[in-house]
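**Student:** Here the protein sequences line up with chains A and B, keeping their order.
Start counting the first sequence at -8; every next residue gets the next number (the numbering used here).
Start counting the second sequence at 320; every next residue gets the next number (the numbering used here).
These are computed hints drawn from the structure, not numbers from a lab.
Hints may contain errors.
[Stated by the list, open to error] With a cut-off of at most 16 Å between alpha-carbon atoms, the simulated EDC-like pairs for lysine to aspartate or glutamate come out as follows:
1) A:K164 <-> B:E335
2) A:K164 <-> B:E338
3) B:K367 <-> A:D179
4) A:K92 <-> A:E150
5) B:K367 <-> A:E125
6) B:K367 <-> A:E151
7) B:K367 <-> B:E353
8) A:K164 <-> A:E151
9) B:K327 <-> B:E345
10) B:K383 <-> A:E52
11) B:K383 <-> A:E51
12) A:K164 <-> B:D326
13) B:K367 <-> B:D380
14) B:K327 <-> B:E340
15) A:K164 <-> A:D179
16) B:K383 <-> A:D179
17) A:K164 <-> B:D333
[To be verified] Cβ-Cβ distance ranges computed for the label pairs, FRET-style:
18) B:G337 <-> A:G70: 37 to 45 Å
19) B:G457 <-> A:G161: 48 to 56 Å
20) A:R91 <-> B:A483: 45 to 53 Å
Backbone N, C-alpha and C define an ideal beta-carbon position, used for all residues, glycine too.
Spelled out, the chains give:
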Amino acid sequence: MTEAGSRTSLAPAQAEQDDRLLVRLAQKGDRRAFESLYRISVTRIYALCLRLTGDAAVAEECVQEAYISAWQNLDKFRGDSAFGSWMYRIATNQVMSHFRKQGRLEQHVRPVEEGEWERIDAPPEHTGLGMDLEGAIATLPDGARTVFVLHDVEGHRHEEIAAMTGMAVGTSKAQLHRARRLLRERLDA
Amino acid sequence: MSEHIFDKLDAWLDGELGEAEHKRFETHIAACAECHATVQRAHRMLAKAAALPREISPPRDLWKGIESRLADRKTTRRMRWPHALAAGLVAAIVFMGGMGVDRLLKQADTATLQMAASASKARQTLPDAYVRLVSNAGYSDTTEADMLRNLLEINLAIREVETAIEQNPDDPMLRRMLASLYEQENGILNRAEIMNATHRSNTTKTRTGI
């Protein structure tokens, strides 16, 4: 059965071919096929969850929950997109769901009022000189970090981010502006 | 940097300023060293963000935690791998015997290889159709799973041999192996096509009561 290590050199059509075969086997209950799908995609999914949450332990939890959810919903995978893209959406939903469960949804989607950003955007104590970009992203507030990661790291448009996260397009733009401002301040400190 | 320009920086970076504002912004940064430096830093930050690695390995293997919580799927008919592999090997041998592989093994000239490769690759251009061909053939769950695993193993082997041929393009043994693998793949898919046609015909007869 194919493993993750050989994927980087694969032509897209070949990788998609393997995915389709593995998904079909997993849909029939083959856990080894699902494990192969996990190993093929987990580095991409973990990177996404890690950056969205800014916390390795939470990212691990989200990754695990995302794959369990994928297994439970495999019958709904119709092959309109690649398995990795389908997993990506499930993982993003998982992180958003985590934010909601933690009561962080309010801050995540509510437009921030004038003057409020100065209070909630105060950098955490452990930030400071010499911070690299990854470290600085991790210190951003959830909403700002989510939009920055999805827009400036992952390359999604605001409309796509709105559909993925449930926030309004205007909120997404405002959060991006806020994230970049905070990052510039923290990286220049 | 003046507050007015600062507020427009992100819109400018994302190409969202109107023509007049865009021009005003660029005129300003061309004349103001401080603003120019800020814009340069912003560009660098965004370039770094876009270049961050898209793949990061988790610090530990998360699979065990996932596997222990996977419920059995309703359609599950679990197969033991030795059985599946044995079935696959038998199927491969049957196909090899029936598809003129002997001839290929003896010849494996460039034209034959190209013909087998193009027949095989043509099907791979539509990955979903390729899998559906097997899934809709009316095979039992066990047989379908065997066929899918076979195709997966053959795909993997084809890629390995193709890579080896890139290093040793004139190696006759590698070329014969590749021809054989293409034939095996085509054999499985041809057989699935026949099964599909039979299955469709039977289904139609059942529906029409013929």
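**Student:** None of the hints should be skipped; say for each whether it holds.
**Tutor:** Cross-check of the supplied hints:
At roughly 11 Å between alpha-carbon atoms, K164 (chain A) and E335 (chain B) fall within 16 Å of each other, so this suggested pair holds. Only pairs whose Cα atoms come within 16 Å are accepted, and K164 (chain A) paired with E338 (chain B) is rejected, the gap being roughly 20 Å. For the hint pairing K367 (chain B) with D179 (chain A), the CA-to-CA distance comes to about 15 Å; that is within 16 Å, so the pair holds. At most 16 Å may separate the alpha-carbon atoms for a hinted pair to count; K92 (chain A) and E150 (chain A) exceed this at roughly 24 Å.
Pair hint K367 (chain B) plus E125 (chain A) holds up; C-alpha atoms about 10 Å apart against a cutoff of 16 Å. Note on K367 (chain B) and E151 (chain A): the hinted pairing is violated, with a Cα-Cα distance of about 22 Å set against a maximum of 16 Å. A C-alpha spacing of about 21 Å is found between K367 (chain B) and E353 (chain B), which places the hinted pair above 16 Å, so the restraint is violated. Of the supplied pair hints, the one linking K164 (chain A) and E151 (chain A) holds, its CA atoms being roughly 12 Å apart against a limit of 16 Å.
At most 16 Å may separate the alpha-carbon atoms for a hinted pair to count; K327 (chain B) and E345 (chain B) meet this at roughly 11 Å. Among the hinted pairs, K383 (chain B) with E52 (chain A) is consistent with the structure: their alpha-carbon atoms are about 13 Å apart, no more than 16 Å. About 12 Å separates the Cα atoms of K383 (chain B) and E51 (chain A), which keeps this hinted pair within 16 Å; it holds. A C-alpha spacing of about 13 Å is found between K164 (chain A) and D326 (chain B), which places the hinted pair at or below 16 Å, so the restraint holds.
The hinted pair formed by K367 (chain B) and D380 (chain B) fails the criterion: a straight-line CA distance of about 28 Å is larger than 16 Å. With a CA separation close to 9 Å, the supplied pair K327 (chain B) and E340 (chain B) stays within the 16 Å bound. The suggested pairing of K164 (chain A) with D179 (chain A) is violated, with an alpha-carbon distance near 22 Å, which exceeds 16 Å. Straight-line distance between C-alpha atoms of K383 (chain B) and D179 (chain A) comes to about 42 Å, which puts the hinted pair past the 16 Å bound.
Among the hinted pairs, K164 (chain A) with D333 (chain B) is consistent with the structure: their alpha-carbon atoms are about 10 Å apart, no more than 16 Å. A beta carbon spacing of about 43 Å between G337 (chain B) and G70 (chain A) agrees with the range 37 to 45 Å that was offered as a hint. The hint said 48 to 56 Å for the Cβ distance between G457 (chain B) and G161 (chain A), and at roughly 53 Å that hint holds. At about 51 Å, the CB distance of R91 (chain A) to A483 (chain B) agrees with the hint of 45 to 53 Å.
When the structure is compared with the earlier hints, violations turn up for hints 2, 4, 6, 7, 13, 15 and 16 and for no others.
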